[in-house]
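Number of protein chains: 2
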Amino acid sequence: MAAPGPRQSSGGCPCPWPAARRRLPVLRWLPRYSLAWLRLDLVAGLSVGLTVVPQALAYAEVAGLPPEYGLYSSFMGCFVYCFLGTAKDVTLGPTAIMSLLVSSYAFHEPVYAILLTFLSGCIQLAMGLLHLGFLLDFISCPVIKGFTSAASITISFNQIKNILGLRGIPRQFFLQVFEMLRRIGETRVGDAVLGLACLALLAGLRAMKSRLPQATRVESLPVRVSYLIVWTTTTARNAVVVLSAGLVAYSFQVMGSQPFTLTGSIPQGLPAFRLPHFSMVTPNGTVPFQSMVEVGARLAGTGWAPLGLTPAVSGSLCSRRRLCFANILGSFVSSYPITGSFGRTAVNAQSGVCTPAGGLITGALVLLSLAYLTSLFYYIPKAALAAVIISAVVPMFDAGIFRTLWRVKRLDLVPLCVTFLLCFWEIQYGIMAGMLVSGILLLYSIARPPIKVSDGDMLLVQPWSSLHFPAVECLRDAVCSHALTASPPRSVILDCCHISSIDYTVVVGLAELLQELHKHGLSLAFCRLQDPVLQVLLSADLEGFQHFPSWEEAGEALGCPWCSPGVGTPGCC
Amino acid sequence: MAAPGPRQSSGGCPCPWPAARRRLPVLRWLPRYSLAWLRLDLVAGLSVGLTVVPQALAYAEVAGLPPEYGLYSSFMGCFVYCFLGTAKDVTLGPTAIMSLLVSSYAFHEPVYAILLTFLSGCIQLAMGLLHLGFLLDFISCPVIKGFTSAASITISFNQIKNILGLRGIPRQFFLQVFEMLRRIGETRVGDAVLGLACLALLAGLRAMKSRLPQATRVESLPVRVSYLIVWTTTTARNAVVVLSAGLVAYSFQVMGSQPFTLTGSIPQGLPAFRLPHFSMVTPNGTVPFQSMVEVGARLAGTGWAPLGLTPAVSGSLCSRRRLCFANILGSFVSSYPITGSFGRTAVNAQSGVCTPAGGLITGALVLLSLAYLTSLFYYIPKAALAAVIISAVVPMFDAGIFRTLWRVKRLDLVPLCVTFLLCFWEIQYGIMAGMLVSGILLLYSIARPPIKVSDGDMLLVQPWSSLHFPAVECLRDAVCSHALTASPPRSVILDCCHISSIDYTVVVGLAELLQELHKHGLSLAFCRLQDPVLQVLLSADLEGFQHFPSWEEAGEALGCPWCSPGVGTPGCC
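Residue numbers (full-length UniProt numbering), protein chains in the order written: chain Z, 1 to 573; chain C, 1 to 573.
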């Protein structure tokens with residue numbers, strides 16, 4: 001679906017307001033909606049729905065919340081994206097990474113998670129209104145890769161305890177690994193067998209799916225029917241696996257024994273539509289809004305980590321405007337923070353979705369599950385859900401990134417490794433340390449830009465990149481140290497062809513440099529200034545400022561005999 | 001004193017260790033010390049000493065500490081700089097701005113101020129060892145100007161209450177102005193008359209000093225003697241004014257009446273040499289180290305503001321290495337944080353100082369005052385000290401900066417005005433808000449570099465500055481929006497002549513851009529890549545990557561008929 005520009009003629013579209021169509025993209029495709037699209041959107045919507053329902057139950061466990069909150073989080077994003085979305089295949093909802101981030105803020109208290117959703121939305125909205133969205137570009141690729149790779153390992157290990165049927169394992173990664181190894185003997189055989197079987201089944205179906213050839217219409221009916229069955233099974237593999245595991249568990253229940261740990265009862269019915277709670281009543285008294293927020297802020301930024309990472313991790317999947325509406329509205333229906341899901345977006349695309357209307361089907365399926373199917377979810381074994389999570393997060397681990405960075409840019413291994421390693425300690429510390437390291441590397445390269453100094457009769461100094469204010473000290477040092485320590489001291493030509501803009505601090509620094517050199521009887525000539533930079537320097541009215549269009553002319557001017565160093569009439573040029 | 005390079009032959013210097021001379025600059029000049037230098041250093045040391053003693057008493061009042069702490073802070077810097085200093089005229093000690101910053105952390109408790117001195121020194125040391133000093137370059141000129149101008153007004157107003165003899169005026173600027181206007185009727189006539197007289201006298205002497213011609217040796221003895229008297233009076237004007245005011249107050253005291261508010265008794269003797277206290281005993285129990293530090297940190301960064309601003313405000317006056325030793329050692333003698341003083345450095349230079357040995361004289365004078373003169377300081381009227389402060393800080397106000405910035409770079413007015421205005425609310429908020437604003441402006445220019453797009457048969461895209469990782473999104477948007485929305489869609493030539501280095505995030509962004517364009521049957525050619533950038537891109541092994549030394553060659557290559565868009569064999573180049 002190419003998005004028509006706002007000034008393009010409306011063509012067949014009966015909507016007369018380009019501005020409205022720009023703000024409400026649903027108006028672009030709804031008038032042209034056809035039955036053929038409906039059929040494909042229905043199939044895609046159902047496929048995504050059959051993926052999201054088991055994933056939602058599973059991710060809620062990662063977030064440390066009761067399973068129903070996963071479902072509460074899964075429909076509002078679909079509806080919002082249907083109206084505001086421009087790409088046909090993006091789906092918003094709970095994701096493994098966001099669930100992990102929420103888990104360190106929510107302390108198993110849904111009230112905190114819902115408040116976080118609301119605040120995320122508001123902060124995203126404020127950033128959009130203040131045009132501060134560019135700040136998110138400062139989360140670099142190595143940090144995201146390090147974080148997602150570490151998260152993939154952390155989440156997988158976190159779920160292995162469910163596959164082994166162990167309880168009371170601590171949340172911290174290293175303690176978790178230690179406890180799990182120590183108590184490996186307590187493994188519940190039923191859970192372990194079922195979990196591994198589900199994992200194997202999911203991996204097999206996934207491999208089948210990736211090898212499935214495109215069906216052609218010329219083939220015979222039986223071939224096409226069996227293709228359809230295979231396609232459905234592999235696409236909705238999460239649902240198939242969870243359903244099968246649930247049936248097995250139910251059969252055992254009917255036979256009077258239960259070798260599996262089950263999900264247990266989930267309250268039936270849709271969540272209430274209401275404002276999130278801004279305070280919480282506990283046995284020890286009411287926790288006011290301020291301390292709820294503070295608790296999050298004190299957890300070293302977990303509060304904002306999801307806000308920052310949401311759009312960064314989901315990449316170009318979904319704009320902030322949609323996410324902020326999805327989160328604010330989501331918080332009214334007890335959702336925890338959501339974002340764009342890569343996995344389900346792929347399912348959607350592969351199912352041949354035509355318009356964002358597929359989201360309506362998905363959302364409706366989630367609502368129907370909440371209304372009628374929760375009693376069936378009772379029998380879903382936790383090991384099956386763990387298998388769903390593990391098979392979703394394992395592909396996020398990118399082992400090749402270390403080798404790639406070693407080959408391409410070794411310095412970027414530093415933020416990658418810092419993020420990756422510290423994420424095992426505490427996910428938010430890893431993210432922040434990584435951002436800090438990559439920020440410091442960035443700031444360092446701004447404060448200390450490459451400066452090429454060519455010695456000769458004159459000194460030719462060439463900043464190899466733009467001059468922002470922190471770089472001016474470094475430029476002054478480079479010029480002074482070369483010009484004054486040489487014997488005899490040299491005049492300087494400053495080649496500014498790479499400088500695209502300067503600020504007042506740089507102007508002051510250059511003025512001081514001019515003075516310093518004049519004091520020693522030397523000249524400083526600027527050459528190849530870009531026009532805006534020249535304007536600024538001219539308006540600053542620097543003493544002794546001289547500009548030439550090329551090195552040669554500058555060299556000639558400085559080389560005139562009555563100007564040469566040693567004759568002692570500085571400033572004559 | 002030219003600093004000899006470490007590898008230069010030692011010349012007349014008997015010291016055989018260049019490394020030692022580099023680390024301990026005193027070894028450079030001490031072996032060559034002469035009697036002629038001693039005479040000049042003595043004069044300069046005394047001049048500075050006569051300036052620093054009254055200023056120290058006055059600045060302690062600004063810092064909210066008892067007057068003796070000003071003197072405690074005034075000698076260690078002189079001694080340290082004598083051994084470690086390279087410039088002959090720099091003097092370290094208490095300054096008005098640092099006193100103001102300390103006042104918001106110390107709450108009239110010297111223990112806090114001394115701990116702050118120690119921590120400042122340690123943090124400066126750590127930053128030096130970790131090579132993080134470049135971070136201080138991120139305090140821009142408009143922020144420093146805004147802050148010093150606001151501090152000049154704040155400190156002056158703060159002292160007007162002493163000139164008017166008013167008591168119990170709140171510290172906050174606006175409340176202070178309000179209360180002062182409300183209670184102007186309570187003015188003590190004696191204080192006001194004395195204070196205004198001192199101000200006038202100081203201004204007059206200052207004006208005389210600036211108009212004093214250089215003495216020549218040819219003039220007659222009476223002329224030279226009267227010149228010496230005028231020179232001494234104008235140079236040591238602070239001491240002269242304070243001494244005169246003290247004499248007047250003493251005369252009144254002898255006559256049995258006292259119209260002035262006096263400094264009061266100051267404990268005699270040198271401070272003990274001991275470690276700073278890391279906890280504090282109060283009537284309500286012991287305050288441990290952690291909460292002492294936390295209180296400072298919670299005051300929104302006051303704790304670190306002095307650390308950051310010290311070298312930034314004192315400019316190139318003094319390196320961090322000297323400051324950190326001066327502060328760490330200073331904390332052992334109950335000093336509050338010190339820095340380089342512009343005013344006294346000027347006095348030192350004008351007095352003809354020859355070596356940093358002048359500092360020894362100054363320090364000795366301060367120690368002598370502490371040992372023997374504190375009983376005399378009892379009679380110094382507070383109004384006279386207030387006049388000393390006001391005459392020291394008024395020149396820091398730079399009214400012209402607003403006009404200059406309007407002319408040179410209007411955008412820099414934003415951090416200037418934010419800093420200037422918020423400093424009246426609370427000095428540390430002003431500094432931080434200013435740094436935040438100038439940081440955001442800097443980050444914005446990095447994340448959104450100027451990109452020139454020239455349309456034609458091909459699209460020529462030219463990033464006008466270096467590409468750091470936050471800029472890659474912006475580049476992709478610029479290329480995609482121009483290349484894909486044009487009809488017919490255009491292939492793209494990316495001119496990289498201004499790009500001096502790229503990181504992995506940029507590489508990933510460029511790879512995605514190549515893919516995106518190939519998907520639409522378009523090509524992307526790089527031209528004029530600098531060598532390190534080309535190496536990185538080659539090692540990344542991008543699909544469809546092609547590089548040409550100039551636009552023309554790139555254009556020719558893209559323009560070949562089997563490559564043109566529409567023919568449908570993308571990637572053939």
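These are computed hints drawn from the structure, not numbers from a lab. A quick note: this is a predicted structure, and the numbers were derived from the prediction, not measured. Careful: at least some of the hints might be erroneous.
Each computed BS3-like pair below joins lysine-lysine, with the alpha-carbon atoms no more than 27 Å apart [to be verified]:
id	chain 1	residue 1	chain 2	residue 2
1	Z	Lys209	C	Lys519
2	C	Lys452	C	Lys519
3	C	Lys519	C	Lys409
4	Z	Lys452	Z	Lys519
5	Z	Lys519	Z	Lys409
6	Z	Lys88	C	Lys209
7	C	Lys209	Z	Lys519
8	Z	Lys452	Z	Lys409
9	Z	Lys452	C	Lys452
10	Z	Lys519	C	Lys88
11	C	Lys409	C	Lys452
Estimated spans, in silico, between C-beta atoms of each pair [said to hold, decoys possible]:
id	chain 1	residue 1	chain 2	residue 2	range
12	C	Pro170	Z	Ser291	39 to 45 Å
13	C	Leu411	Z	Phe174	47 to 53 Å
14	Z	Leu411	C	Arg32	43 to 49 Å
15	C	Gln172	Z	Ser487	33 to 39 Å
16	C	Glu543	Z	Ser291	24 to 30 Å
17	C	Val177	Z	Phe174	56 to 62 Å
18	Z	Ser539	C	Cys122	41 to 47 Å
19	C	Gln530	Z	Glu556	24 to 30 Å
Over 12 Å on every C-beta distance to chain Z, these chain C residues come out as not near it, computed from the model [what the hints assert, rightly or not]:
id	residue
20	Gln268
21	Arg407
22	Trp464
23	Gln535
Yeah, the Cβ is synthetic: ideal placement off N, Cα and C, and Gly gets one too.
#### Entry: Range agreement (Cβ of phenylalanine 174(Z) with Cβ of leucine 411(C), hint 47 to 53 Å)
holds (49 Å)
### Query
Taking the CB of glutamine 530(C) and the CB of glutamate 556(Z), does the distance hold inside 24 to 30 Å?
holds (28 Å)
### Message
Range first: 43 to 49 Å. Now tell me if the beta carbons of leucine 411(Z) and arginine 32(C) are that far apart.
### Response
holds (46 Å)
### Task
Below or equal to 27 Å on CA atoms is what counts here, so check lysine 209(C) against lysine 519(Z).
holds (24 Å)
### Message
Using Cβ atoms and 12 Å as the threshold, tell me whether glutamine 535(C) really stays out of contact range of chain Z.
### Response
violated (9 Å)
### Task
Just tell me: holds or violated, for the beta carbon distance of glutamate 543(C) and serine 291(Z) against 24 to 30 Å?
violated (53 Å)
### Message
Between the alpha carbons of lysine 88(Z) and lysine 209(C), is the straight-line distance 27 Å or under?
### Response
violated (79 Å)
### Task
Starting from the hint 56 to 62 Å, judge whether the C-beta atoms of valine 177(C) and phenylalanine 174(Z) obey it.
holds (58 Å)
### Task
Report holds if the minimum CB distance from tryptophan 464(C) to chain Z is greater than 12 Å, and violated otherwise.
violated (4 Å)
### Query
Are the Cα positions of lysine 519(Z) and lysine 409(Z) separated by 27 Å at most?
violated (43 Å)
### Message
So if I understand the rule, the pair passes when the alpha-carbon distance is 27 Å or less; does lysine 452(Z) with lysine 519(Z) pass?
### Response
holds (24 Å)
### Task
Determine whether the Cβ-Cβ distance between serine 539(Z) and cysteine 122(C) falls within the hinted range of 41 to 47 Å.
Hint holds: Cβ distance 44 Å, inside 41 to 47 Å.
In terms of the numbered hints stated before, the structure departs from hints 3, 5, 6, 12, 15, 16, 21, 22, 23, listed from lowest to highest.
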